[in-house]
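Participant: Let's have the full structure, built from the sequences with the hints guiding it.
Residues per chain, in single letters:
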Amino acid sequence: MRTEKEAIYYELLVLRCQRKEKVALEELIRNWERRLFYYIRRLVDVEQDAWDILQQTWLKVLQGIGKLREPRSLPTWLYRIARNTAMSHLRVEYSRRALLDENEDISSVEENSESFCFEDAERVHYGLSKLSLPHREVLTLHFLEDLSVEEIAEVVRIPPGTVKSRLYYAKRALRTVLEQEDRNHE
Amino acid sequence: MSESHESFREQLLKAEQPNPTYREKYDKEVRQMLEQKLTGARRLGYIGAAAMGVGFALLFGTLAIIVPKEFPIEGRLIFAMGAIFGLAWAVFAGGIVRKGVIKLKTDPTAMAGMSWGLCVIVVTVLMVSQRKFPDPIIGVRALVSGLGFLVMAAVFMIANRIDQAGLKTREKLLEIEYRLAELAEQMGKKKQSE
Chain P
1 MRTEKEAIYY
11 ELLVLRCQRK
21 EKVALEELIR
31 NWERRLFYYI
41 RRLVDVEQDA
51 WDILQQTWLK
61 VLQGIGKLRE
71 PRSLPTWLYR
81 IARNTAMSHL
91 RVEYSRRALL
101 DENEDISSVE
111 ENSESFCFED
121 AERVHYGLSK
131 LSLPHREVLT
141 LHFLEDLSVE
151 EIAEVVRIPP
161 GTVKSRLYYA
171 KRALRTVLEQ
181 EDRNHE
Chain Z
187 MSESHESFRE
197 QLLKAEQPNP
207 TYREKYDKEV
217 RQMLEQKLTG
227 ARRLGYIGAA
237 AMGVGFALLF
247 GTLAIIVPKE
257 FPIEGRLIFA
267 MGAIFGLAWA
277 VFAGGIVRKG
287 VIKLKTDPTA
297 MAGMSWGLCV
307 IVVTVLMVSQ
317 RKFPDPIIGV
327 RALVSGLGFL
337 VMAAVFMIAN
347 RIDQAGLKTR
357 EKLLEIEYRL
367 AELAEQMGKK
377 KQSE
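First to last, the sequence lines map onto chains P and Z.
Going by our numbering, the first sequence opens with residue 1, and the numbers climb by one from there.
Going by our numbering, the second sequence opens with residue 187, and the numbers climb by one from there.
Hints are all accurate, no fakes.
The list that follows gives simulated cross-link-like pairs (lysine to aspartate or glutamate, EDC-like), each with its CA atoms no further than 20 Å apart:
1. K211/Z to E33/P
2. K60/P to E221/Z
3. K5/P to E357/Z
In silico negatives: residues of chain Z with every beta carbon more than 10 Å from chain P:
4. G286
5. M300
6. M373
Source of the hints: derived by calculation from the structure; they are not laboratory data.
Even glycine gets a Cβ: it sits at the ideal position worked out from N, Cα and C.
Facilitator: And the structure:
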């Protein structure tokens, strides 16, 4: 998913941030704020809260980037901080109830076992809002395309197999939502 | 990462229409976060440092002028250097207070360098003047403790320089690696198109 060039770029950017280059910090924020905001916005309902969480995320990033030992894992690290910040914002019970879906069948799902073609981004954007939080979260990370299945698993703190199954069911749910929407318009 | 995928991500990001008022507030707060604005106790600290610099400049400057004729010229020179250092520190700290912003990359390094300068000056003064102590034991004690401080400051300074040099070398290597990766990518595209 990530090219060698991108990986080197992340490493270089982190290094420049660690040397306290203001331009590098600005570059980091400029490159990532839209993606992180999109992700956070899918986790919280109120837009103003999402902006506050993003700001707190940057604060934590600026405080912690000096200690980041694996610069190439920058995307995972950023999404994890964003997620942790959003989760602290949400009530602990709520987040637990919403995110720990124990009844998922992770045994028999292949990554590409159902091929969907989601081409209309605006419809997908609309459809995401209709999904449950666990489905919405993994599907958003998947569509933002910064992370592999293993990295999504690291961010969401679930096994890679569960990510695969969650993606499978999330895509199915999204397709149902979009088909339902089409029927309503006919 | 294919281009069609990237454009899908872009389209998805464009579908999000944030409220401009919230966005503006966020932009303002993030800018402030990056600038390390001086507030409250920190501002007072820098005002104190500027005042201390002026105090040092006055003290060493006066000493350089009023010491008796028989005082060694080296000592007078050291006092003059102390005065210059104090003045430089006052100008530096005063500048930060006036701008109200700390530059994260350069200001702490400059502060460390100036503190090292102060340490060298004070210890040199101690070493020069130790012979003039009425009790030679006290003179030797002053010399030893001065040397101790000097060694500690030198170790700290060298460690910092090594760290910075290491980061700079790594940065240059990564820049080269990045260019190579860029070239490899371009060559790959060229091969595909042929």
